[in-house]
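The hints should help you fit chain B onto chain P, whose structure is shown.
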Amino acid sequence: DAGVTQSPTHLIKTRGQQVTLRCSPKSGHDTVSWYQQALGQGPQFIFQYYEEEERQRGNFPDRFSGHQFPNYSSELNVNALLLGDSALYLCASSSDGTGYTFGSGTRLTVV
Amino acid sequence: DAKTTQPTSMDCAEGRAANLPCNHSTISGNEYVYWYRQIHSQGPQYIIHGLKNNETNEMASLIITEDRKSSTLILPHATLRDTAVYYCIVSRRALTFGSGTRLQVQP
Numbered sequence: 003d004a005g006v007t008q009s010p011t012h013l014i015k016t017r018g019q020q021v022t023l024r025c026s027p028k029s030g031h032d033t034v035s036w037y038q039q040a041l042g043q044g045p046q047f048i049f050q051y052y053e054e055e056e057r058q059r060g061n062f063p064d065r066f067s068g069h070q071f072p073n074y075s076s077e078l079n080v081n082a083l084l085l086g087d088s089a090l091y092l093c094a095s096s097s098d099g100t101g102y103t104f105g106s107g108t109r110l111t112v113v
Numbered sequence: 007d008a009k010t011t012q013p014t015s016m017d018c019a020e021g022r023a024a025n026l027p028c029n030h031s032t033i034s035g036n037e038y039v040y041w042y043r044q045i046h047s048q049g050p051q052y053i054i055h056g057l058k059n060n061e062t063n064e065m066a067s068l069i070i071t072e073d074r075k076s077s078t079l080i081l082p083h084a085t086l087r088d089t090a091v092y093y094c095i096v097s098r099r100a101l102t103f104g105s106g107t108r109l110q111v112q113p
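Chains as they are written, first to last, in the numbering used here: chain P, 3 to 113; chain B, 7 to 113.
So that you can see chain P by itself, here it is in the shape it has in the complex:
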């Protein structure tokens, strides 16, 4: 049984560009959450998707947007990249809000 799959694993982008990160949830999970983790810090909640709608959002600007597809997979989009957006981006899936399973993350570097 595959866990949470994220792609790509590493990415380098230039300041001002746009990026799309992808997440496939664990089988049987219908809720996807996205987190940003800067070096040396705990993960920070970006937003959560359920039934293709954004259900909850953390304190992140509108440059961060997302989407959930009918098969429960999800994308995280970041526009107008800043150097400070460099981080590990984590996807977590769950069902009924308990027992979140995390992927290994996408390491984004903005230069």
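No wet-lab data here; the hints were simulated from the structure.
From the three backbone atoms N, C-alpha and C, an ideal C-beta is built for every residue, glycine too.
Hints are not guaranteed to be accurate.
Said to hold, decoys possible - Partial selection, computed: residues in chain B whose CB lies under 10 Å from chain P:
1) 42
2) 44
3) 47
4) 50
5) 52
6) 55
7) 91
8) 93
9) 99
10) 104
11) 105
Just chain B, lined up with the frame of chain P:
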């Protein structure tokens, strides 16, 4: 979500029990207590969660005080592979991570 307070770091001898405390004095009635850990450069790993009663699984035990204002994660026989940052999270829905406790298991 309620705020949690954890020690910044702890040491434990290999083979001994590791007891990681967490204070969550503002927890509300429908919030669960979750514990996750993160080994360097990997995604957080679920350990255990509970609402009111003590819980045990193959990884750890979770002891929640009767007033639910604090909890303790117990790793019964710590190994070097248990060296990680441990996060205590109180939440009803999305997880809000704090700074966690950096546990160093010593040989």
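How the hints compare with the structure:
For residue 42/B, the suggested interface contact is upheld, since its CB lies about 8 Å from the closest CB of chain P, less than 10 Å. This hint holds: residue 44/B has a C-beta 8 Å from the nearest C-beta of chain P, less than the 10 Å allowed. Proximity of residue 47/B to chain P holds as hinted, the smallest CB-CB distance being about 8 Å (cut-off 10 Å). The beta carbon of residue 50/B is positioned within 10 Å of a beta carbon in chain P (closest approach about 5 Å), and the interface hint is therefore held.
Interface restraint check: residue 52/B against chain P, minimum CB-CB distance 6 Å, threshold 10 Å, status holds. Interface restraint check for residue 55/B: the shortest CB-CB distance to chain P comes to about 6 Å, inside 10 Å, so the restraint holds. Hint status for residue 91/B: holds, given a least beta-carbon distance of 8 Å to chain P, under 10 Å. Interface hint status for residue 93/B: upheld, as the beta-carbon distance to the closest one in chain P is roughly 6 Å, under 10 Å.
The criterion of a C-beta within 10 Å of any C-beta in chain P is met by residue 99/B, whose closest approach is roughly 6 Å, and the hint holds. Restraint check, residue 104/B versus chain P: the minimum CB separation of about 6 Å is within 10 Å; hint holds. Taking 10 Å as the C-beta cut-off, the interface hint given for residue 105/B holds, the closest approach to chain P being about 6 Å.
Hint compliance for this structure: no hint is broken.
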